[in-house]
Structures are given as C-alpha cells and as structure tokens.
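For the record, the sequence lines run as chains Y and G. Take my numbering: the final residue in the first sequence is number 429, and no numbers are missing along the way. Take my numbering: the final residue in the second sequence is number 429, and no numbers are missing along the way.
Don't read these hints as lab results, they were simulated from the structure. Just so you know, not all the hints are guaranteed correct.
One copy or any two copies: either way a pair holds, since identical chains are not told apart in the list.
Capping the alpha-carbon separation at 16 Å, the derived lysine to aspartate or glutamate pairs in EDC-like fashion look like this [unchecked claim]:
#: 1; residue 1: 92; residue 2: 105
#: 2; residue 1: 92; residue 2: 301
#: 3; residue 1: 317; residue 2: 293
#: 4; residue 1: 72; residue 2: 192
#: 5; residue 1: 92; residue 2: 300
#: 6; residue 1: 317; residue 2: 354
#: 7; residue 1: 72; residue 2: 194
#: 8; residue 1: 92; residue 2: 134
2 protein chains.
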Amino acid sequence: MTTETPDRHRVVIVGAGFGGMAAAQALMGQGVDVTIVDQRNHHLFQPLLYQVATAGLSPADIAGPIRTILKRDRHTRVFLGAVEDVDLDAKVVRLVNGARVPFDSLVVATGAAQSYFGNDHWRPFAPGVKTLDDATRVRRTILLTMEEAETGRQQSLESRREFLTFVVVGGGPTGVEMAGAMAELTRHAAEMDFHYISSRCVRVMLVHAGDRLLPSFPPSLGGKAMQSLEKLGVEVRLNARVTDITPFAVHIGEEEIPTTTVVWAAGVMASPAAAWLRVPADPQGRVRVGADLRAPGRDDVFVIGDTAAVTDAAGKVAPGVAPAAKQQGQYAARAILARSRGRRAPAPFRYRDYGNLATIGRQRAVADFGWLRVSGFPAWLLWCLAHIYFLVGFRNRFVVGANWFWNYLTFERGARLITGGDGALGTS
Amino acid sequence: MTTETPDRHRVVIVGAGFGGMAAAQALMGQGVDVTIVDQRNHHLFQPLLYQVATAGLSPADIAGPIRTILKRDRHTRVFLGAVEDVDLDAKVVRLVNGARVPFDSLVVATGAAQSYFGNDHWRPFAPGVKTLDDATRVRRTILLTMEEAETGRQQSLESRREFLTFVVVGGGPTGVEMAGAMAELTRHAAEMDFHYISSRCVRVMLVHAGDRLLPSFPPSLGGKAMQSLEKLGVEVRLNARVTDITPFAVHIGEEEIPTTTVVWAAGVMASPAAAWLRVPADPQGRVRVGADLRAPGRDDVFVIGDTAAVTDAAGKVAPGVAPAAKQQGQYAARAILARSRGRRAPAPFRYRDYGNLATIGRQRAVADFGWLRVSGFPAWLLWCLAHIYFLVGFRNRFVVGANWFWNYLTFERGARLITGGDGALGTS
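Next up, chain Y with everything else stripped away, as it sits in the complex (with noise of 0.2 Å):
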C-alpha cells in the first residue's frame, strides 16, 4: 500500500507508451509522486506490432504489464482509465469514470492514432496497427483469408489470386516491415502448408503515394528497401495515391485492385490533447511546443512524443519515433524535478538522433545512422540486437530473441492461432 505524503509535488503522467513510460522512470525515488494513467494495461513495444500481425511474436513477447515494469517505487501508481478532460484552472484531470487526479505537474504522452486524411469510413476496411487488438485482428483476416481459399470454390488461378491479394498502404517503416513480413507469411504458408494453394496463388502489394519507399531514410537505402521487397514477392507501388477503399476493393485512380485484406499504415493523428489543454493543434493534431517542452502559456504542462510538434533547441522538429518520446519523456522529468525542487529549468531540449533502422522480411534490413549507411544482413543483424536490447524486461528479450532464433532456423511461425471473432469460418 501507498503513502500519499500531502506535501510531495504531485506529477500526473497520461500514456504509457515510450514518452509516458521513460519519464515515470526517470522520476522514481526521486521524493515526488508519480500517477501513470493509461486506457490499457500493458506498455507495448509498437515497432514490433507488425510481428504480432504476421504471426512471427505472440502478444505477450512485445508488451508488459505497466504495473509489474513500475513496481519497484511505492510512490508510483497505476491507474487504468481514459481521460475526458484536464481542468487547467483546477489542476485535475477527470477520468471517464469520473475519477479525479489532482497534480502539480503534469504529462501528456497520450501518442497517436492512425488518420485516414478525412476518409474515416475506410477505416473497417482498412484497419492500421496500433494497438495489441489490432494486430491480432490482422493476423486473424490474413490467416483466414488463406483458409477460406483453401476450402473455397475459386478454382482458376486467377480467381484465388484475386482473392488472396494482401494490400498494405503506406510506404513508411511500418508499411514496409509489414509488406515484408506478409509475403513472408502468405507465401511461405501457401507453399509449404496448404493443398490448394500455392505461392502463385497470393498478391502481396505495397501502395505509396511518394516516388520513393521509406521518406525519412536516405534515397539509397529506399531504393534497397524496394529491392529487397520485390526479391520477397512483393508488388510495390509509387506514386498510387488511393482514392477509395470498399469492403471488396482498393482504389488507386481508376485502377481497381479487388481484395478483402487491406492494412492502413500511411498516417497518423495526434490525440485530443490540444482540446484538453485549449490550444490550438497542428494539422496532424499535434501541440506545437518549443524546446522546453511545455504547452503554451503553462509551466506545469509538458507534452511529448507524438502528441506533441516538438521544435528542439537547434530548431528541428523532432521526428515521431520512440527515441525521440524516450527523450523528451527523460527531459520532461528533469524539468519536472527542477520545479520542484525550486530549481533552475534545464536546458533546452535537443533531440538527439542515434540512427534509423527498418527490417524486410526475415534476413534484410537499412539502416542509417548518418556516418554510416548499411543495409542486407548486417543491417538485419543489428536491427534484430537493437530491438532485442531495447525491449523492456529480461523475460521478454529473452522470449523474443529465442523465437526469432526458431523462426529463422525453421521458417515456422510458432503464433500463426486465429483467435478472437468467432474463429471459425462456417459461421463467418
């Protein structure tokens, strides 16, 4: 149980993501009180999401139970629960329960959704990757999709290639780790496992509005990234802006592409926080804050990660990766115990950038880390020990590193289940 000491400066942080999870850590056993309100229980390594979705890792390998990573400091809480408003004047943020969590300082890191630029009705047919239950929802249409061909009655070529066509837009990291590791999946399963199926049979496309893969890397590594997904099976194309997605067919001009398995992965949307905290939002929904990290006109607000457009002391815009929220989140607390301590803010926020890594398919990989460009298997060897590295807790480095060792000896996917839904195609 928790002593609540009435003159401990209060911080309340919402979000458990990078952002919210490395600024809690930075402020344990530091003499302040620490609340982490988050609407899930468990922190989840999102890069990793698209593993989950391709059956490569099961849910519990990329995702750990908040409560067990902050155990440790007693004058840390843990409540589940989704905010509905901060009450600035007040110093509470009100909880859709109705609870009420008073601070002294305060930390929004409530991160981003996907956006669909105004067409939110493609959403049920083109759900991204964001949380646990969507990743599983992938997995289950991708592995049902091929089940249904199984059994199915489309007995031409064509016809089963039409319906084992898996699209996935957006040509970011995301999008090309997930076009990826779904030729890998589609196509090893169909030529390995199934009867009336083969890898002929299955179409896995990547649709990029840019004229290259992979914007935030160097052109060079883009070009390799393209390389490596067309020697995996993938069909990828540039410049395709998507003009409509229907429950049976992707748009891209006039060209219509039939399929049933569309995965969104071309852009997001920063939470409501600019409504919580009335001010105004950048086009993408973000807070514009400057490099103390703090929402106009509050010294006791801070907003990090992708909820925020933070603009660093050398006057870049810090990118929407989970170094980035790591770092600002660490900073958010020095600033936090400097308050409270009466002393002298630090200075300003500079985001520092180690290095960009993608991964394509099971033994490719680009990174760049400014001096030094790699891609192919070195790049996929350090990709594979940065990851491991980087997940939280020994358990998980340890259930991953062993599964990922498995699957490239094997090339079997030990988390290929369908769950959820009803399981079962006779009823779909």
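We have chain Y; now place chain G onto it with these hints.
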C-alpha cells in the same frame, strides 16, 4: 499441392483435439487420404488452458496450428469449417459453408462443451474455459476487476472484498487447478503490484456440489488438494449446490455471494454428434459405443474422445481425459487401416490408465498412479515434466518450460495482458 489418388481410402476426421490429432498422426504415411476438419485453425493443449486464464502462459504457448503439426504429409488435408450434418447414405460430411467432404471412413472427435445442467441463462455470467477465447476472456475479467478496485470507490475493506470475490464452480481437476492459480495470481498481484488493494481484499472461492474434491482421484488425494488450496487462501465449499447465478451474485441454497467473476468448471455436454449420426445420446450428450469404437450399426463411423461414452473390452467406461482420447484415436486409426486393407479388425479397445495428475498452485500437486500416490512438491515436479513432455512440438515445450521456470523464480506472470473487449476501464 496435393495429389488425390481416386482409389485411395478417404478418411475424414472431424475435430483436431487429442483424439482427432492422434488418429491423423497414426494415419500419416499409411497410404490413405486424410482430411481433418475443425472449427479452429489450432490444436489446443486444453489441460493448460487455466494457465492462460490466469496469465501464466500465452495462448501461443499451448496451441499450435493444425497445418504446422500435420504438414509433413502430402496426403493430409486440413479444412477450417464447422460441420452442418453428416449424410450417412452418401457418405459425405457437409460443412456450414456448403463444402461437401466425402469419406470412406469417418472419425467423429468433436469433444464437449460446458453444460449448465439446464440453466443456460447462467452462461453469460459464468463462462467456462474450453477455448483460447474463453481463457483470454476470463483473464481479462480478473485483471479488469483488480484494476477497477484500484481506481474504484470501494472505500471499506469489506466492500473491496465483496468487489474482489472470485468464484470457481466445480471441484474436478479443472476447477481445482483454476482456483489455485487464480488465488496465486490475485493475492500475489494485490500484495506486490497494487497500492490501494492488498491480499486481504481478495477472496477466491471454490464451490463444489460433492462431498470431496477431485472425485476421480482416491479420497486421500482429494483431502490433500483441499489442504493445499486452503494454504493458498482459497475458501473451499463442499456439498454446496449452486441454485442461481446472476450478473452480481452466485446463490448457494439460500446464501447469496456477491461477485461479478464466476468461472464454470462443473459439467460438460458432448457436441451434437449423436444428432448428425441419427443415434441416441446418453444424458451427457455422448454417443454410446462399444470396444470397437463404432457408431451403432456402422462399420465405417468411429466416435471417440469426449463425444463418446466408450465401454472398453474390460467393461469399464473410459474417462473423459486426454490420454483416453489419444488411445481411442490411435485405435480408430488402426481399425481404419485394417478396413482399408481388407484385414481383420484389431482386438477390442482397452483403456490403459497411466495415472492421474492435478496441480494446485506454484509448488503443489497430487498424482495417482494406482501403485503410487504422491502429493506436494514431488507431484508438482512430475506434473511439470509430464505436461512439458506432452506438449505438441519442441518449440512449445521449450517456451513453456522457460516460462514456468521464470515464473517459479520470480513469481512474475508474463502474460498478464488485458486484450480484447475495449481493453479500457474508461469505456466499460
């Protein structure tokens, strides 16, 4: 892709549980065509489902895709689908999606579902644990209830204890194992990971209609199980018959126990195979078969596992446990091979009882091998070895073994994720 040779004997197996999988594996490479039909895409190690429900293991740890397990044989097909009916004259299984699967020999191994003894309106408030989705639902309910208590407004110890009452109905192996694991999960987590609740707030109750636990074990072991459960803090109620279950309470006779979390482990009802086969069912819905395991009046239809009430060559009714189903599956395979080769049927089926095991919590179990009865830590070690040994496929064995060892060392439960539903308190 498969070759279907028209003159090969065609075997259809409905159900990929222990019985169906044992039959399929025994028929592999024996010159017959096998089609296995299941509503789900995975074989499930049901005896460990309670560990998924109590967050000790992940779904993928105890389930493997049927295709992966059977893929070595090109004459074995896997169909995802639900059976609508069996046309015994045409010798065709009809699936709900309209597909028709012809057979020369048929094995019905569709298992059993929960039975509420005519009180099917209790089902929504007292789910059983028969599928992965059942197990993750129970896990979600337990974890959400604890999270709600942490942020909730039950101010007194009494009201928290009422809110945090978990009831298991049924004192067979499933109920005993579930209650033990549930007590460990909830009491330990309450003590270690929560601030506003402690183990004194948690009440786990096992309600059993009979006068001793584990009726299928010798009386002394039932007593040991009861002692072990009580040491874990489980309140065991014997001779207690549930008279009603509502969303907010379990009624035992006149007594009303307020609770929102009830798990049903009290009875099973066989799947509707008897109706498909136009034969009478016993009160548990099972098809009565003799020591040849064949449906009454049919030479070509075998009924095995929990779908059947098998009277074996010794005149005993085989119990509804995994080893019995496996032995029956192997027997059915032998009998089918004899049929397909025009040979004499094998000697009548005789169930071989290798013993009975049940585990209670982290370090205790009871085991009965007839000639040897063990309880406590040695029985628990035996239980671990036996279950790891029988898990299908090396990968699962390895992951489950590592997981248990880790849990044993740390008391941590790696799979403590709330997924599905809305996952958030705020909107529930």
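Consistency of the hints with the structure:
no. : hint        : verdict
1   : 92 <-> 105  : within (7 Å within a copy, 75 Å between copies)
2   : 92 <-> 301  : within (9 Å within a copy, 75 Å between copies)
3   : 317 <-> 293 : within (13 Å within a copy, 78 Å between copies)
4   : 72 <-> 192  : between (46 Å within a copy, 11 Å between copies)
5   : 92 <-> 300  : within (12 Å within a copy, 78 Å between copies)
6   : 317 <-> 354 : within (11 Å within a copy, 72 Å between copies)
7   : 72 <-> 194  : between (44 Å within a copy, 6 Å between copies)
8   : 92 <-> 134  : neither (33 Å within a copy, 41 Å between copies)
Hint 8 alone, counting from the list given before, is not met by this structure.
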